[in-house]
Amino acid sequence: MRGIELVRFATGAIIAHPLRSGLTSLGVVIGVAAVVMMTSIGLGAQQRVTSTIAGLGSNLIIVSPGSTRSGGGGGFVMQGAGSGASLTDRDAQAIAQQVDGVAAVAPAVRGQAQLVADGANWNTRIEGVTPAYLVARDLNVAQGRMFDEREARQGRKVVVIGPTIARELWGETDPIGRRLRVRSVPFEVIGVLESKGQSSFGQDQDDIVLGPLPAVRSRIVGRRVQGDNVQTIYVKAASDDVLDRVQEDVSNVLRVQHRIRPGDADDFSTQNMASILQASQAAVATFTILLAAVAAVSLLVGGVGIMNIMLVAVTERTREIGLRMALGAKRSHILVQFALEAVALSLAGGVIGLTIGVAGAVVIARIGSWPVAVPSWAGPLSLGFSVLVGLVFGAYPSWRAARLDPIEALRRE
Amino acid sequence: MIEIEDLRKVYIMGEEEVAALAGVSMRIERGESVAVIGPSGSGKSSLMNILGGLDRPTSGTYRFDGEDVGQFDDDQLAEFRRRRIGFIFQSFQLLPRLTALQNVELPMIYAGMAPAERRARAAELLDRVGLGSRMGHRPTQLSGGQQQRVAIARALANAPDLLLADEPTGALDTHTGEEVMALFKALNRDGLTLVIVTHDPEVAAEAARRVSFRDGLIVGDERAVPA
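Keeping their order, the protein sequence lines are chains A and B.
Position 137 of the first sequence, counted from 1, bears residue number 137 in my numbering, the numbering being contiguous throughout.
Position 198 of the second sequence, counted from 1, bears residue number 198 in my numbering, the numbering being contiguous throughout.
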């Protein structure tokens, strides 16, 4: 006989009981939808973490004062407030001079400040940096220029601003050459940064003012940062390959600078973006696997539901099975017919579940502004899994159907 | 066409062995119409199950056109039923989900016939049993006599050599029973071999040959003198 006819028999039986078939598939629908949604949320979170950390600049080592507790998954730095430990311009210079394979060393201070310009107000982040900062953080100037080393040293009061600030303070007007006051200190705008858009944590990365380190340190954040202290030194390694070695060298140079005796703990910490990225991705992946595993359990429950209904169907249709055998159906025809019925129930559940899962992921992304990315393998995997569930849980009922004695079966009421 | 020799069928009921057929030998020629009669438990149903290829004998031989059907495996028996036998049951055994036409198509699906071809043949067969105007009806929308005629059309679908009817009029009133019997007689006149298992002496009287069973043995085999 033709295989397609067995498919018709199977789907015909399913369509004959729409409500029952729907309820039977529901377990698989829920299971697949849950797996798809969970993995989509997991992948979204992973991508957000990756882009956030990558957004900080690639091959970047962040040096901060104070020590961190090592081994933490996220590993963000505890600021060494009151610890007495500090980093200075001289530390940055020492790193630049003594460590090989460094693309940029950028000491920085930062603060929050109110900007006033031409009658408009804006509260923003201001960072005191050196020109190397652009290299370290992968930033570019879109318009105008960055201040140079000489201007920075001389304490020239010039700033490079993010596109958001240009828009908020001057609208469409060209901001180059304009003046703005930061805590009453006047600065001249000499450049506008290229837009980096929102960070994946929803922070506007374009809402920033960069000024020369000495000027910003003494005029703006002076109360918290004294002398030639800096809050952070960004070190960019020349390449991925030397990242670990550079990090090691930076530590060694700083230990010498800070006269730390062998065996004593560092009074600073270095963090390598790659390792932070790895640690956070691993954490997210573990979490995703856990969620998906929980969701997969409901898929199994769905499979048990299918098996249950298929056993009922075999009992109910015993006479039909006997008749089909009398009309010339082989045992294999009966086996395949019932197996296909189980697979069709499960696969239909998988298709509906996949649709709901993807739709649910999109809704979560829209409403919750939570990052969601449906993995490309979600479709094939969930449908493949549905077929497998149908085969596994349909096997025993189908086998029972095929083993029936046609005489007994025909006699059954 | 059919040769059975010393056919035995033994069932084991707990400790006891029950012989449903205790050594039966007979021949049925092509074109015969045979009524198998006898009280319940006499072995006539067991004979019919073996003749139809639904069951295998415990011992003895069953040859159909020279083939040793008694030695067939499950798949060979399935093919034998499909190609050689048309079953007609007391309770019609139509699938309630399907229309009359689809019920008649069923055996042809297992025979691998193309959809258009089998639909045409099913329609032709329903026409022949007088149900040309009821093809789209489901069994519940048909009377008992009509249902049995659908079942007969289905039995004829794969052009069988032997029509096996088990109490074909048992669920019908006298009048429709007579109609069904008339149909059988017409089919037999066209050359189809017919074996009818029945309690009903009136039904048995319609057959040219009557074989009586008792306790698993043939106790009578008489031919009606052609009128």
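Hints may be right or wrong, so weigh each one.
Selected chain B positions facing chain A (Cβ under 7 Å, derived; list incomplete) [as the list claims (entries may be wrong)]: (1) L95; (2) I109; (3) S212; (4) R214.
These are calculated hints, taken from the structure and not from any lab test.
Where a beta carbon is used, it is the ideal one built from N, C-alpha and C, also for glycine.
Inset, instruction - Give me the numbers of the hints this structure contradicts, sorted from smallest to largest. - result: 3, 4
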